[in-house]
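*Asks:* Sequence:
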Amino acid sequence: MFRNVVEQARSEGLNVKVALFDTVTSLPGMRFPFEELTRVCKDEGIFSVIDGAHGIGHIPLDLKELQPDFFTSNLHKYGSTNPRDRSQGN
1 MFRNVVEQAR SEGLNVKVAL FDTVTSLPGM RFPFEELTRV CKDEGIFSVI DGAHGIGHIP
61 LDLKELQPDF FTSNLHKYGS TNPRDRSQGN
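No gaps in the numbering here: position 65 of the sequence shown is 65 in the UniProt record's numbering, and each next residue is one more.
Calculated directly from the structure, the hints in this document are not laboratory data.
Cβ coordinates follow ideal geometry from the N, Cα and C atoms, glycine included.
Among the clues, some could well be false.
[Unchecked claim] List time: in silico DSBU-like cross-link candidates among lysine-lysine, alpha-carbon distance up to 30 Å:
#1 17 x 42
#2 64 x 42
#3 17 x 64
[Claimed, not checked] Computed beta-carbon distance windows for the label pairs:
#4 14 x 56: 22 to 28 Å
#5 49 x 27: 17 to 23 Å
#6 64 x 12: 33 to 39 Å
All chains, full assembly: derive it from the sequences and hints.
*Replies:* Structure follows, in structure tokens:
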């Protein structure tokens, strides 16, 4: 579907340069298919910018494997909790 949007934009003469997407949305807390979106970006020559703020600590993130062009996040919520709480899923 994303690839179709890119193709449609290009057919209209638009030059798609950057795609920004989440790992997990804040509301309603849905997990985005960011791995597939990143692959499409690579295939299409588009910079991928991933907002991982809500993914940290909630879903597996392997940036070496994923290799996005840019990954941004913050740790003001998850990073300041007790590590024992994180390991127990609390």
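*Asks:* Are the hints correct? Go through all of them and say.
*Replies:* Structure-based check of each hint:
1. 17 x 42: holds, 11 Å
2. 64 x 42: holds, 15 Å
3. 17 x 64: Measuring from Cα to Cα gives roughly 23 Å; hence the hint holds.
4. 14 x 56: 22 to 28 Å: About 33 Å separates the Cβ atoms of residue 14 and residue 56, which means 22 to 28 Å is violated.
5. 49 x 27: 17 to 23 Å: For residue 49 and residue 27 the Cβ distance comes to about 20 Å; the hint holds.
6. 64 x 12: 33 to 39 Å: holds, 36 Å
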